[in-house]
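Novice: Sequence:
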Amino acid sequence: VSFMSRTTKYRKTARRTKANPSRGRPPAKSRSFLKEPGEFYGIFLFFLALLATVSLFSERAGVLGKWIDEGLTISFGRGAYFVPVLLLVWALSFFAHTRRYNFNSLISGLALAFISLLALAGIIGAEPGTIFEQSQMVARGGYVGAALAYLLIKTVGEIGGSLFLVVLLLIAFLICTRMSLKEVGQKVTQKSVPRIKETLKAGIKGLKKEETRELGPLIKETYSGIGLTVTDAVPKLPAVERVTEQRITIRKPREEETREEQKIEEQLEMPLPRYLDDEGYILPPLSIVKRSKTISPQLSVQNVQESMAILQTVFQDFRVEARVTEVTRGPTVTLFELQLAPGVKVQRILNLMDDLCVALASPDIRILTPIPGRSAVGIEVPNKIRGIVTLGDIFNSPDDQRNRPLLELPLGKHLSGQAVYINVAEMPHVLIAGATGSGKSSCLNSLITSLLFKAGPSQVKLILIDPKMVELSVFKGIPHLLTEVIVDPKKASAALKWAVREMEERFKLLAKTGFKSLDPFNQAIVEGIIDQESFEEPLEPLPYILVIIDELSDLMMISSAEVEDSICRLSQMARAVGLHLIIATQRPSVNVITGLIKANIPSRIAFEVTSITDSRVILDMAGAEKLVGRGDMLFLATGSSKPIRVQGAFVTQNEIEMVVNYIKKQVEPRYRQEIYAENSDDSGKSPFEDELLDRAIETVIMAGHASASLLQRRFRIGYARAGRLIDMMEDRGIVSAYEGSKPRTVLITMEEWKRMQERSREG
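Numbering (full-length UniProt numbering), first residue to last: 1 to 763.
It is worth saying that the hints were derived from the structure and are not from the lab.
One or more hints might be untrue.
As the list claims (entries may be wrong) - Calculated pairs, DSSO-like style, for lysine-lysine (alpha carbon to alpha carbon, straight line, at most 30 angstroms): (1) K491 <-> K476; (2) K476 <-> K490; (3) K490 <-> K598; (4) K664 <-> K290; (5) K490 <-> K508; (6) K468 <-> K742; (7) K384 <-> K293; (8) K664 <-> K516.
Build out the structure end to end from the sequences listed, making use of the hints.
Specialist: This is the structure:
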């Protein structure tokens, strides 16, 4: 105000001097800078305007610029960007000496409008209790706007204050334009009335012509599906038509879907021969699993553009120089790649986490600093319309799937849309954890179903442990099982002990044949490289064994020491002999996932968890608490420093049952009875400690020769137990000693065996 009064004073003095030269000094031929102090003020205000502009829009104004930026932002909020404009107009007023326009009225009107807008920004939607919060003031009209708004709300209320400020804005407009309301009304009337008359005349003529037209052709051309009439008066209709055509090409007609379902049902209902082994085994057709429906690309692009606009607005509001350079939309989340300006710290993006969650209306935003393999920051935002990934989406062709390694199974899809596979033989064990309903059991079902599509019963054997009794029961009766689906925790502990014994027997066999792992051993047997004469029984390829536990916490509550010991021994040594663990739990605590278990199972899959503590138990880092559930997972592979985000493949219960029924029609299951014999290691101490010994003796006497393979086939037991039964018979003098590749000779008859049994009962 003082600057304005001085400006007016200098202009009046100049006019008096020109009107009456005798009253003042004679005008000088050359003006001095000190004799025209108004220009000095103009230059100074112009400098302040430039300095304020640089301070607000850049970080290169030094310490003073930072102070100016913070001061203007705190004082005026978003109105700080209007301050340089006011200063620039004020500076020009000292140089523009003209009678056509009065800069004083322009400056006064702009200042009044500026103050009114600050107060209006602070009063709209504000509450008296939160009006002086710093975040609210910065986003609105600063301290000035908050103070004026608070004063108006207390005096005349929110509505009265808003009306008062609107009136002030109208007065500011009149001051700037130097016009009265009467003049404004006259000009508006002069320009608008002729146009309104012309529009009404054209409309009346159009209505008269429209009465003579036939409405039939217009109604006939309609858009199928949404019922919009297509006429020449709708210019945006071609765009709508193209989008909907894209949807129609994605979706199959009902007749074609029905024919495909009938074809699958006919293929599944074909009579198949039953085998005791899988020599004639036929793998299930991949057509059983269906592909998911594709989301409209137009909706996806629209959602991505809205999220990009929100991100850019948040960065501008908080003065963070960053821009979105690339967008990758996945089934569940969209990854926005950010490029930061030089000198911008990554911590500033991390500090905006809560503000981004509020702006995007999503609490599950995840920030990657940096994106693995890229020099950029990533922001993962959940999609408003989520897509579903099914096994049918990943199974592109039968040749592609069945030419992969036997234990390479599809896990889901990456953000880029590429399928993610895990090779269980290389991992070699997997730990899966997540909250209830996050997708753990669906992941296990998907992995087992994928395995059934490519592996026969002689290639892979399964031990399924399901203490919850309902998750894995659908696979009951498939020939890949070594035993029935285990639901008793005590039997599960016995099964894990049996797996340890089987591992030790396989290691002895590999050491005897000179091989270090299972694959070369099986290949040597197939090619006939191993000398079979040095073994009592002919060697056959050994299958892979997968032990799948759906709920580890139930086992740890019953017998934690035994279960932990068995899991640790298997995870340390079992990889070389083809025995692998897949363990899932919904309680990722240190009591369940102990340090020893984590140390020996480096591959982890984390689904949605309830706290950051649970995420650190699974992954040793945060992140799983930001997942959105329903198959959304973080996969940490062996040797990786950071996990990747994957949307898990989903398989329906109906599809699983179709695969299981297709397999059960061909091959009968043969369970291993010795799995639950926990004390079978000590069975050689006494001839009658094994319950099968008497029946085994009768079998070899009736057959006329003794061999481990004979007992395996007859009693469906493993090689280790059959060999121990032969050793017991040798100790009792029932069969001859080991003679290389020749079968053992039976030394007694059935009558002699009966007499031996009678004497043992009498004794």
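Novice: Taking the hints in turn, state whether each one holds.
Specialist: Each hint tested on the structure:
{"no.": "1", "hint": "K491 <-> K476", "result": "16 angstroms, holds"}
{"no.": "2", "hint": "K476 <-> K490", "result": "19 angstroms, holds"}
{"no.": "3", "hint": "K490 <-> K598", "result": "23 angstroms, holds"}
{"no.": "4", "hint": "K664 <-> K290", "result": "21 angstroms, holds"}
{"no.": "5", "hint": "K490 <-> K508", "result": "28 angstroms, holds"}
{"no.": "6", "hint": "K468 <-> K742", "result": "49 angstroms, violated"}
{"no.": "7", "hint": "K384 <-> K293", "result": "16 angstroms, holds"}
{"no.": "8", "hint": "K664 <-> K516", "result": "35 angstroms, violated"}
Hints 6, 8 from the list above are not met by this structure, while the remaining hints are.
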